[in-house]
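Protein chains: 4
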Amino acid sequence: MQGIIPPLITPLLDQDTLDTEGMERLVQHVLAGGVHGLFILGTTGEGPSLSYRLRRELIELVCRQVDRRVPVVVGITDTAFVESVDLSRHASDHGAAAVVAATPYYFPAGQPELIEYFTHLSKQVALPLVLYNMPGCTKLTLTHQTVVRLMDLPGVVGLKDSSGDMAEFHRLLEMTKAREGFDLLIGSEQLLAESVLFGAAGGVCGGANLEPRLYVELYEAARASDLTRVRQLHARVMALGRAVYEVGSHGSSIIKGLKSALACRGVCSDFMAEPFHRFREPQRAQLEQRLRQLDDESIAESEVRA
Amino acid sequence: MQGIIPPLITPLLDQDTLDTEGMERLVQHVLAGGVHGLFILGTTGEGPSLSYRLRRELIELVCRQVDRRVPVVVGITDTAFVESVDLSRHASDHGAAAVVAATPYYFPAGQPELIEYFTHLSKQVALPLVLYNMPGCTKLTLTHQTVVRLMDLPGVVGLKDSSGDMAEFHRLLEMTKAREGFDLLIGSEQLLAESVLFGAAGGVCGGANLEPRLYVELYEAARASDLTRVRQLHARVMALGRAVYEVGSHGSSIIKGLKSALACRGVCSDFMAEPFHRFREPQRAQLEQRLRQLDDESIAESEVRA
Amino acid sequence: MQGIIPPLITPLLDQDTLDTEGMERLVQHVLAGGVHGLFILGTTGEGPSLSYRLRRELIELVCRQVDRRVPVVVGITDTAFVESVDLSRHASDHGAAAVVAATPYYFPAGQPELIEYFTHLSKQVALPLVLYNMPGCTKLTLTHQTVVRLMDLPGVVGLKDSSGDMAEFHRLLEMTKAREGFDLLIGSEQLLAESVLFGAAGGVCGGANLEPRLYVELYEAARASDLTRVRQLHARVMALGRAVYEVGSHGSSIIKGLKSALACRGVCSDFMAEPFHRFREPQRAQLEQRLRQLDDESIAESEVRA
Amino acid sequence: MQGIIPPLITPLLDQDTLDTEGMERLVQHVLAGGVHGLFILGTTGEGPSLSYRLRRELIELVCRQVDRRVPVVVGITDTAFVESVDLSRHASDHGAAAVVAATPYYFPAGQPELIEYFTHLSKQVALPLVLYNMPGCTKLTLTHQTVVRLMDLPGVVGLKDSSGDMAEFHRLLEMTKAREGFDLLIGSEQLLAESVLFGAAGGVCGGANLEPRLYVELYEAARASDLTRVRQLHARVMALGRAVYEVGSHGSSIIKGLKSALACRGVCSDFMAEPFHRFREPQRAQLEQRLRQLDDESIAESEVRA
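Chains as they are written, first to last, in this note's numbering: chain A, 1 to 306; chain B, 1 to 306; chain C, 1 to 306; chain D, 1 to 306.
Take these hints with a grain of salt, some might be off.
The list treats identical chains as one, so a pair stands whether inside a single copy or across any two.
Here are the simulated SDA-like cross-link-like pairs (lysine to any residue), alpha carbons at most 20 Å apart as the crow flies [what the hints assert, rightly or not]:
1) Lys-177 to Arg-242
2) Lys-123 to Asp-93
3) Lys-177 to Arg-231
4) Lys-177 to Ala-235
5) Lys-177 to Leu-227
6) Lys-177 to Ala-239
7) Lys-139 to Gly-110
8) Lys-139 to Pro-108
9) Lys-123 to Ser-92
10) Lys-177 to Leu-153
11) Lys-123 to Thr-20
Read the hints as simulated data drawn from the structure, not as lab findings.
I would like the entire structure built from these sequences, with the hints used as guidance.
This is how it looks when you write it as structure tokens:
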């Protein structure tokens with residue numbers, strides 16, 4: 001679990017039909033960008049909104065296409081323990097490398113209950129388990145005190161933190177740096193640069209669906225402690241976020257923006273699973289224009305560098 | 001959708017095995033208490049924590065046993081639209097009377113997105129649809145403005161409100177009283193008395209798993225505007241809550257308390273689905289003692305009345 | 001502490017000048033409506049937004065005008081303990097009957113810290129102390145467990161609950177009914193009817209600034225267990241709320257609506273203290289129209305009754 | 001507004017008496033550590049919990065002692081606009097360099113209301129105004145969209161961000177970097193390193209009360225892009241936080257920890273204003289031990305380096 005592992009969006013033709021050609025183009029696109037792994041069925045992948053049948057189909061499709069060139073990591077976050085375990089078996093059977101699980105997200109559970117939950121889950125899943133802190137969606141936080149309790153469980157290999165709480169991430173970095181085989185991945189791409197500069201193993205960056213190479217280069221620059229280059233690439237990550245994530249007004253704007261941008265670039269369909277719906281006009285036109293502007297800036301920049 | 005419709009707990013033998021005998025005893029127990037309907041796979045029923053296989057088995061079991069003596073209402077709340085629709089078909093096939101759906105609960109959706117979601121859902125579910133406001137678990141509120149937009153959709157027959165926000169419930173009562181065929185049910189049993197006094201159609205009261213007749217009598221007293229009796233029975237509902245729901249310290253204490261109390265009384269198993277676990281000692285002993293005290297008070301009261 | 005005690009708005013000419021004539025007309029208006037007490041410098045009175053000089057001036061003005069015909073209750077909620085105590089002395093010196101204090105509201109304090117705070121405060125304030133639960137503004141809740149710890153402190157005479165959590169209010173009613181000299185007042189006027197039906201001592205209803213007699217009559221009907229009349233008057237309270245509180249979109253709409261309505265009726269100025277500002281057009285016109293409609297309905301109703 | 005500007009704790013002898021000798025020792029201590037300014041009456045300084053008399057006394061004391069060697073910045077955050085303006089005049093009269101204001105924190109105001117508020121405040125305060133984003137205490141966030149609207153107001157010279165939301169801070173850094181004379185200061189000391197590396201003007205770090213030189217050195221290393229040294233000093237900042245801020249269980253632990261640590265080292269009294277109280281045993285002993293361990297590590301480290 002090192003480097004840039006994009007949380008792939010899930011291209012759909014309708015509520016329960018995968019856009020398989022779009023998915024294949026997307027996988028090819030990010031692999032061409034040099035990413036170090038793939039994460040499917042996460043938040044960006046609308047995992048919890050998809051039928052189990054479709055989730056299984058997607059696991060098979062991606063594992064077959066990737067064919068172990070990079071690790072495939074599969075989201076199994078669920079409110080039903082039994083379904084999470086089943087999905088982990090399916091992932092294992094088709095060659096995935098690890099599974100990722102956030103807390104169950106219907107009932108508000110206490111930290112001791114979460115410790116029990118992950119202890120039991122880690123015993124039953126069929127693959128190495130990455131913990132996932134995603135309070136924005138689960139409304140439960142894995143505190144650093146809880147992570148310390150969980151990180152020594154057999155089979156637990158890391159934590160993906162999408163809390164956006166960088167002070168807490170620093171606490172986790174301090175607490176886990178002596179723990180071999182437990183990696184910290186940052187979920188917020190705006191925090192990728194500093195996370196890697198201060199010791200994170202990598203990032204699960206949504207924007208890498210769109211511009212995989214940018215995030216790979218930023219990761220490498222940070223690993224190399226090349227601050228000048230880090231600042232330059234970080235500025236570009238911020239610009240991409242402004243262009244793609246801030247159209248529309250609800251929390252769903254990030255995934256909508258990514259899907260819309262990928263559709264603009266001809267990669268795949270922008271259909272979304274309920275409760276969301278793709279951007280319609282005028283948001284779609286807005287996004288297209290911002291994307292064009294972003295490309296122009298990028299070309300201008302390359303020319304300056306060349 | 002009138003009267004007392006208990007949200008049944010789901011008796012389990014283990015993570016994925018129904019306690020069918022316990023379930024049958026429970027159904028018999030609440031029917032004997034005179035309830036007007038049954039609600040399965042709700043929050044109290046740990047619906048979102050159960051495998052789909054088990055949810056289907058439970059629907060079949062309860063519908064068969066009840067055999068249309070009272071309406072069976074089935075919770076289909078899910079983050080995956082396709083699974084909600086599928087479950088509604090299964091419920092319809094086996095003779096359920098209606099389905100209940102809260103908002104999807106992983107992504108934080110905006111009110112316009114929720115309006116679209118329920119509009120689409122109401123077209124695809126196979127049975128009359130009861131909306132369900134449950135912000136404590138879904139972290140999304142159905143505002144009264146949104147309910148007004150949804151209440152005229154074909155197939156939408158009511159709202160169960162478990163927000164605990166009684167001022168908002170009064171707004172809903174005012175707004176829907178002229179709307180034939182749209183019923184309001186209150187989810188908090190502490191608010192049953194006043195809800196029915198001011199026009200609600202009934203209540204979905206967890207405590208009715210344990211003492212169904214108490215809630216039925218309170219409902220009837222409120223319908224009859226018998227304030228003296230309402231106050232007396234309401235006091236007993238409060239006492240039951242103090243005895244059963246306030247052992248333990250997490251949000252899960254209500255369901256744990258109910259299951260534990262039903263096990264004490266020999267009705268069914270108290271096994272809980274992840275992420276929760278049944279009360280162990282000393283909570284179990286505490287609950288047993290409180291329950292005994294509650295029974296003693298009840299006997300004393302009956303004797304006074306006799 | 002019994003009956004209807006309106007939380008008076010504070011009429012202002014500018015940021016630091018009292019509209020003394022408006023204030024006098026307002027006091028006369030609510031006294032004429034038969035209210036049982038007056039509450040100044042509460043949330044509706046914009047207490048925390050006013051300079052200490054103005055708060056003192058207001059205390060003097062109102063106490064002098066009321067001249068002990070009904071009890072005057074003074075809000076001393078503050079983040080600075082010393083200022084709260086000082087204000088209580090000023091209130092005592094001018095003949096106020098009691099003070100009301102919510103939790104300090106800058107730092108997020110724990111329940112044990114709040115218990116210490118109120119213990120110390122109750123020893124130092126110069127008048128009987130009413131606790132005030134107002135989580136919507138203070139973001140701290142006085143739990144029923146905490147209230148039980150506080151209700152036996154010397155000098156503590158009651159609790160005003162504006163949490164809107166009616167289930168918790170029922171718990172408080174149960175727990176305090178045997179405690180002589182400790183009264184529960186409800187803050188949400190939509191909950192006045194049921195609160196008094198189930199044992200509350202009265203209500204601190206913002207709408208009573210506008211229509212004092214309506215709330216007094218509802219209180220009396222509830223005390224007399226006259227359900228038919230309670231339902232009729234409660235419906236009118238709901239109608240007033242729809243007319244006056246739902247113009248505008250921020251949390252400040254209730255106070256803005258009240259001040260604007262009082263200005264429409266010629267009682268006093270609608271100037272507001274920072275961070276708020278009076279309604280401008282088109283909200284002002286909207287409110288005027290709704291208010292006219294409300295009056296028309298009221299006249300029609302009276303004619304029917306006559 | 002550049003560099004390290006410690007938010008000074010306020011040493012107290014009792015609820016309304018300044019520990020003037022302790023305060024003087026504290027000021028001397030941090031000035032000796034090379035800090036670039038002083039911030040009094042902020043959150044760490046318990047500003048909102050102090051009487052206005054004491055706030056004025058403190059302003060006079062510190063301004064006199066500092067005698068313009070470094071800028072003194074004064075917190076004027078208040079729910080009463082008039083009191084904020086008055087305090088700014090007092091600060092100006094005694095030679096302070098700027099004032100800092102968070103949003104008013106009783107009423108939940110909307111962003112347009114906050115824009116009006118700061119627009120009016122900036123016109124009336126007597127000194128340059130630093131905006132302060134402190135949602136943990138005010139429960140209101142200054143969004144980056146709002147900051148953009150405010151940053152061009154005459155007299156507004158910067159923003160102190162204590163939200164802990166580093167992604168949003170990066171957005172602010174991008175948006176304000178072209179704006180001369182508007183500085184961004186970070187409030188969370190765990191985020192000081194990366195904030196300065198990516199362009200922040202400095203930090204308002206509570207820990208600098210205790211170890212001013214550590215923070216000054218970290219700031220300078222980050223300005224010089226000396227990553228090796230930054231990592232080393234950042235690790236020490238994290239260690240200090242673990243030692244001092246994590247004793248006790250409430251949100252107040254940071255200020256309690258700082259005051260207790262300063263008392264252990266003989267700098268000043270650890271008395272706290274309501275609603276808080278100094279650490280008693282066993283927390284006090286715990287903190288003392290952790291502090292000793294921190295000192296030992298520090299000595300060991302220095303010896304290795306020497």
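So, going through the hints one by one against the coordinates:
1. Lys-177 to Arg-242: between (33 Å within a copy, 15 Å between copies)
2. Lys-123 to Asp-93: Within. Shortest intra-copy distance 17 Å satisfies the 20 Å Cα cut-off; inter-copy 37 Å does not.
3. Lys-177 to Arg-231: Between copies, since 13 Å is at most 20 Å while 25 Å is not.
4. Lys-177 to Ala-235: Answer is between: at 12 Å across copies they meet the 20 Å cutoff, but 28 Å inside does not.
5. Lys-177 to Leu-227: Classified as between; 18 Å across copies, 22 Å inside a copy.
6. Lys-177 to Ala-239: between (32 Å within a copy, 14 Å between copies)
7. Lys-139 to Gly-110: For Lys-139 and Gly-110, the Cα distance is within 20 Å both inside one copy (11 Å) and across copies (16 Å).
8. Lys-139 to Pro-108: both (8 Å within a copy, 10 Å between copies)
9. Lys-123 to Ser-92: Classified as within: same-chain Cα gap 14 Å, cross-chain 37 Å, threshold 20 Å.
10. Lys-177 to Leu-153: within (16 Å within a copy, 45 Å between copies)
11. Lys-123 to Thr-20: The answer is neither: 33 Å in one copy and 27 Å across copies each exceed 20 Å.
Comparing the model with each earlier hint shows a violation of hint 11 alone; every other hint is respected.
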